[in-house]
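Trainee: Using the sequences and the hints, build the whole thing.
In case you want the letters, here they are:
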Amino acid sequence: MNDMTPTREQREAALEGMGCKRKRVEDIRFTQGKGNYVDDVKLPGMLHGDFVRSPHPHARVKKIDDSEALKVPGVLAVITAETLKTVNLAWMPTLAGDVQMVLADGKVLFQNQEVAFVVATDRYAADDGINKVVVEYEPLPPLVDPFKSMDQDAPVLREDLAGKTSGAHGPRKHHNHIFEWTVGDKELTDAAFNKAEVKIKEMISYHRTHPSPLETCQCVCSFDKIKGELTIYGTFQAPHVIRTVVALIAKLPEQKIHVIAPDIGGGFGNKVGAYPGYICAAVASIVTGKPVKWVEDRIENLTATSFARDYHMTTEIAATKEGKVTGLRVHVLADHGAFDACADPSKWPAGFFNIVTGSYDFPTAHLAVDGVYTNKAPGGVAYRCSFRVTEAAYCIERAMDILAQKLNMDPAELRLKNFIKTEQFPYHSALGWEYDSGDYHTAMRKMMETTGYAALRKEQAEKRAAFARGETREIMGLGVSFFTEIVGAGPSKNCDILGIAMFDSCEIRLHPTGAGIARMGTKSQGQGHETTWAQIIATEIGIPADNIMVEEGNTDTAPYGLGTYGSRSTPVAGAAIAMAARKIKAKAQMIAAYKLEVHEDDLEFDIDGFRVKGLPEKFMSMKDICWAAYNSVPPGMEPGLEAVSYYDPPNMTYPFGAYLCVMDIDVDTGVYKIRRFYALDDCGTRINPMIIEGQVHGGLTEAFAIAMGQEIRYDEAGNVVTGSFMDFFMPTAVETPHWETDFTVTPSPHHPIGAKGVGESPNVGGVPAFSNAVNDAFSFLGSTHIQMPHDFWRNWKAAKDLGAVA
Amino acid sequence: MAKTHVTMKVNGAEVEGLVEPRTLLVHFIRENLGMTGTHIGCETTHCGACTVDIDGMSVKSCTMFAVQAQGSDITTIEGMANADGTLSALQEGFRMMHGLQCGFCTPGMIMRAHRLLKENASPSEQEIRMGISGNICRCTGYQNIVKAIQYASAKINGVEFREAAE
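Protein sequence lines, in the order shown, are assigned to chains A and B. For the first sequence, UniProt numbering gives the first residue as 1, with consecutive numbering after it. For the second sequence, UniProt numbering gives the first residue as 1, with consecutive numbering after it.
Because the hints were derived from the structure by calculation, they are not lab data.
Residues from chain A that keep clear of chain B, each with C-beta distances beyond 10 angstroms, as calculated:
id	residue
1	Leu161
2	Arg172
3	Arg457
4	Arg509
5	Lys587
Stretch by stretch, here's where chain A covers chain B in the computed footprint (C-beta under 8 angstroms, at least three residues):
id	region
6	40 to 50
7	74 to 85
8	101 to 112
9	131 to 139
For glycine and all other residues, C-beta sits at the position ideal for the given N, C-alpha and C.
Mentor: Next comes the structure, spelled out in structure tokens:
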């Protein structure tokens, strides 16, 4: 054999396909400051818009006087709700079937709500203009506590809904009630509780937090009056949907709207929804005839764009005294703020919260969710989670620990006893989902063995004894968490947004030289799509990943897709890539057969080309097939080598994982030390292990922030008291723990390449691991549940309340 | 508002411009000079996305006025690649160690790490973590950023980089 002939391994390595730690192609530009984010977009004659915002959480707007503002040099226009009414855009539809004011129409409903939009020649002049707009308010009583929202004497927040006894999701019980959603078998569940040997009940809150990507939400809108075309550059996780929404509400033909999402500086769900800034910038561009840029500042981002969580979950488990669960009952009070602007698929008022049975084989369950209005910012986004899965996972993982405590069982053992067994998959949960695949026992046991779980429990027992003897003031907690995610929204039978089914798409075009381009309906916000999508193509059709350019985010060129959020890109668009690639491969096989003068069934695919079965020397590379596709295709075949796939998945995917957090807490100061954090993830087939590990690190860092300190908090008067990075906890390199990562691989049986998605898993599984560690540390002092976030003060307070501190 | 003439050196080149006294340095760099690698994340000196190097110090350019930089010598991310256009040790480190995802914090991180390594060419992990504690990353956490800086440190010192075991 010729020494120059590359080996099988060398040919495989040259492709940089799936399973390889391919270095990210994005990084070449990002490390040199050559990314192109929205604020980097500069158009000739561009103006800048900025908002006048309400200092009051609830007030009537008596009068807006813009006369002084219009005298400010550089200020060109002040847009109010009255202006927007002339173009029928004073209110906009939300993703959840509600409507939302674009600018205050008659009254304001939360602090920092948008009241007027000032347009000026530069951002400094716009700011000057804002300070000169005089707004006369008549303050109204604020409603902050969701538990008081449905009191008889609670103030009426949404006067526009007066007299409406039903909303988008059924009947309304009260003037501040949005919806009630129930699912599961109530009778069967009540029966399970009536005969239960053991029961637990706890009110478990998941506080209000915020995604806070480092880049805030922003856009540049440019209306061309001559062509009647609107171009919008924006921080959009779902550019196509934004275009459709704009077409529907602005009554512009969809093909005359060009939506471009350039590089995005993190999204985490914050950039899914539509915000007043987008509408106002578009209207301002139409009014002034010039491009208008709107860039949100950090305070605006934290206080007025989509919050996350704010679920108060009364949770009950029924079980046998041996620890076998027999029923789950959950009632959620969901604080949605002033407008129901939650980013959930249309059919699901509380997202996929009904995955709340988690990884456990509950024979029966019943769930009820009440959504209520309060004087807080609207939103309810899926922050690094798939539509309320994070809340569900936290709820069940805390509840299982509370049950273990009641039964005096080890929490890991209780979980092993109740896991859905490998042979039960596909598994139908009591609340209606079909889990595709899983091997929970293996993952849990691997976690326990790798971390030396038994020894850690022994150490904990010794430390508790030492604490009791007064020899130490430090307590130790082991936080076990096992989660099942539901991602890959989604199948059209389950999911749509405003009536558009949640498929996704890929178009691949290979050129004569063997290089090509893939265009996608998804939009990376840092997940590395340009790198990983090319890896799937490399493995599927044998073209080196370096020869494939991946393009996303331009609605003029990308096929229609539903975008990137809820860990849906790999489960849905990743499948679309494989299916488009397989269409190309099928045509390539016909071309190869023609060129090699054999029947196509006599060919087999071999890494980077086709080989005649039994005649290894008769081989045609994909590169040569690409050339042939443009000059010598079989008679009757169209030239070219391209394909498009719109993939509607048959089911969601269900990644899972086993996490352990080892924490020490000083009871006198509340200061915690995270000694170890181990995260085992099973996301099915792993496309790029380096990128998966990075996603896990990032997700755990965000989980750490949420569990241990991060909160959007309001005082009783409705003021946001956590409106900047000064008081909204952002972990730095100093306090962020070291992460140990591990994995098992249980491919999804219905996904073309078996991949399940991973980006959100560490956040979903991480938060309960931290919280369980804190609760586990304190449990021997007599507590069952301490609410998050577990910052130093709250830890100290817990120790004090439990009598450990004088 | 009356404007003031400022001159300074940015990435080795003399630049000048007319700015209002209140113009922030980050806006001067991004808008007047058109160098958009320096990013704005918080406008309150917390996140570090706007970090640049001024006269041998890491400075957050979102809370400094352009007029305060009169006569100074500034390096931004656009001035960090090697003279031949290849990635510098730090830039290479961030790519090799997967020290970034969305890339928004990256220029600020690199600028801060650049000064850190100038001050201490072989920092310990703890010194690196303390050294970059004024820069926030939301996507990828800090573990790989620390590794990226360790990689660059090894390369600058001409020693072999070994990843610490998990």
